[in-house]
Amino acid sequence: MKFSMSPAPFLRRKRTTLAIMLELTIALALVWLASIIYYFTIGTNHGLQAILIGIVSTATMMVVEFLFYLPKCIKDGKEAVSKNSELNCFKETMNAMGYKLSHSFGWVSGLILALLLPVGTPLYVVLVSAVIAILVGKLLFGGFGYNIFNPAIVGRIFAQLCFGTSLAYGVEESASGFTAFTGATVTSQLSNNNWMTTGLDIDLWKLLLGNYQGTLGETFTLLILVIGVVLAIRKVIDWKVPVFYVGTLYLASLISGFCGGYGLGSFEYALIQISVGGIMFGAVFCLTDPVTNPTSPSGKVIFAVGAALFTFVIRYFASAPEGVAYSILLMNMLTPLIDRCIKGFTTKKLLPKWGVIGGIMLASMVLGVSSGFVNHEAYDVEYRKQNEFSSVIKKVEDNVYHIEVQQGEKGQIWSKVEMNVTLDLTNRTVTKIEIISYGANGGFGDALLTGGEIKFNTDGDEYTSFPKEKEPIAMAFYDKYIKLESPLAFDEYLNLYSKGNSLSAWSSEAKNVIRVGATYTAMGFIYGVCEVINYAGGAQ
Amino acid sequence: MSIISSRGYLHLKGIKESKHLTSDKEVLEISHEAIAKIYIPEVGPNAVPLTLNVKVGDEVKVGTVIGIRTDFNIPVYCSVSGKIIAEEMLFHAVAGRPVKHFVIENDFKDEKVKALEPLGEDASAEEIVEQIRKAGIVGLGGAGFPTYIKYRGVKDIDTVILNGVECEPFLTTDYKEMQEKRELLLKGATILGRISNAKEVIIAFKADKVDVMAKLNEIIADYPLVKIKTVKDAYPMGWERTLIKELTSREYDRLPSEAHVIVNNVQTTIEVARAVLYGEIMTHKVVTVSGDGVSKQSNVRVPIGTKVSSIVEFLGGYTDENVALLLGGPMTSKGQMNDGVVILPNCNGITILKHRAIKSLPCLRCGACVEHCPAGIQPVEIKIAVESKNVDRIASLNAMSCVECGLCSYICPSKIDVTEFVKKGKLQLRLQEQKKLAQQKAAEAKK
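From first to last, the protein sequence lines are chains A and B. In this text, residue positions in the first sequence follow this note's numbering: the first is 1, and each later residue adds one. In this text, residue positions in the second sequence follow this note's numbering: the first is 541, and each later residue adds one.
For the record, the hints were derived by calculation from the structure and aren't laboratory data. It is possible that part of the hints are untrue.
Chain B stretches covered by chain A per the calculated footprint, using a threshold of three residues with CB under 8 Å from any CB of chain A [as the list claims (entries may be wrong)]:
1) 548–558
2) 858–864
3) 876–887
4) 950–960
Virtual Cβ for every residue (Gly too), placed ideally from N, Cα, C.
Work the whole structure out from these sequences, hints included.
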């Protein structure tokens, strides 16, 4: 009879670290699968590339771990054989290795790194980043449980810093089929646009479903959200971290939106801000890595809101559109400090703890206010400059005015409209508009003004046909404001234009016109009609 | 509870199944051959020595005083009648080392000496407290703290909580005794309420014990002072601090009396009623014998001083060559080195589990231990501080507040013995304290 003397408790929860990691692996695999399917719909070679990036990243990490642990495992194997000579040294070594690899969870970092890279990443970049991630990010710190930084993020930032130019984000159609290009992503577009959504063709649903190009995993916002909820319920991740992170960012963006003059549209604006740039992916899969988190509940919340603050700062005030990765690394670095500061009982001194959390959140919101004003102003000034109209008006006969509108600066003319406008001043309506000439640089504007007929531009070249049936909204604009089957009230034009004191507000109102790329022409046209109304004294 | 503080408890999965092993079965009476010899330790339940009243060769009866505890001046009684035939070194469950035990040959005559006289209805509080002391009643929930101390010179108490939560897996003795001796329980409750001048006496147990609830409710109308309250099925809901917080939303620093509360175990209450109303002392104890390491799981009524090995034999022996033998539940009890230990009044059960090797991984730092610690401390941070031998940090993390409930080790997904690390931390703190004292003394001596 032998009595076991191991310490209490003698019951242990069934759940193991291995089980938690396997559940996380399944979650990551689902995102990877969604990404593979999406890229296959673009082209077979891109689908294959998405598969290969995942395999190369994961395999590289496993191989590096294998090599790293090999000496130790051989030693263990030899030791086992020295105790029991019947054992096979090779077999024992492999057993030790199997245990070590299956409990080091290198594949999780591998998958996360793969999902953080864009589809156009060359495979050698994936390989080198994976080596750096696992070696420098994890093994040199002492392996699983001892790393300070999130290994995958280390690899991602290494790739960004060293191979930034070869990270091809998107794929586009060309003569030879689809090719990768290093063009604009949604995040870089937004970044160039001072993070204002105005003037960009951004469809919220598209963002949520992930039907656009970014890194492999980050785009499937809705999928990641659902997976995140499941993981949080299954206690694989701590719900507090993503909720406080995304929540703080949402609130700050919301305030930024209000200060940027979006009004109620701010809710959608803020939703767009948190749907892009891998915020969701980072929140669910990278920020929650428990090894690099503080251990106490209050520490975790401070960690999350701190990361949100850094993300906000980097995104809006620095020049890195992907601020998420940097903010995670920064907070990882601060984790030991946070742990250090939280002493005593977790159940006491809750008020000061909430104070710190609230303070950091408040700081994010103050930044939200300033970014809203700063970005909005910068945006307006920029567009006004491009937007300088000049016009010459002549009275042709009673109630008929001839106007030439030019738009552009420094000798460049971006659009030009010459027309006769007939007014009915008693009824305050525009009765007839006759377009005489138009166009400057061959944009869609020409077609917009003429209802889509094939016309010749000023150089005499045939203008590519304007796809009438494809742009019902542009046609509606033509029918309503130019064709004029019945007289249209002055106020229709004036209201439309009054918003156009800033083009940003105007074009967000008439955003559908932008879809055909005729913003300036449409703007010039409306400007012209309003000038005529003003000139004729119909403004009041 | 706030989302940034510890939840303080956890529902243990499978606890109901573990209790069902014994809860529906009749309490067995132990066979004569199993108690042919009874072993009474020559130390009290908390391992302090006794001033002995008897010696080898003496005839003893049920109620003979074996000795008086040197720490609290309360007697230890003999549980059977017969003759002391020898002294034997046996392992003591609480002391953790072998101590001398009297070996009493049981003559099964059950001759009694009247140890106490029953008190009348009009007995004063002082008389009752003195009766409790004379009866040698200690806390039967596990701690073995003398009950009369809690009521001596009592003041400012508004609530007495009778703890029948029994949050450890496997154990069902409270559950059994609460049904079996419901009248004694309610009478005892009224007595404790009276002597402490409390406004109410709460009998607390888990919400799923509907049959206990029904049985008590049938007769509770006769006991206006007593109320029944149920608590969540969570661990460690039976710990004083957690229970008081759950029932009264009060917190305290050191002792429950700071929160105007006294907590007693339900079985202790029953013993109080027996002693006060009938002048009877505690001789027998119902113990739960359960777990997958024993052939037959059941509650058994045994005289105090019965050897664990004979109880296990009575129930068909062990099921495995390598088992963990625990006096108490699996969460807090330490493994016994052998089965020669004897049943003490404050032992509620014997849990016998097949040996399971546990292989631990590096800490995932998931914080589950911090999130559930009932003491509200940070076990994982204490572990890190212990590993880095940072005693100041251990102190700043309030390691001393640990009650060693074992929840942190239980919940750890990496299967680390977190509780052991915290225990080590407490030890290091005590050592440092001693060192400081020694230095102070040395400094004073120099002067």
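Tell me, which hint numbers fail for this structure? Result: no hint breaks.
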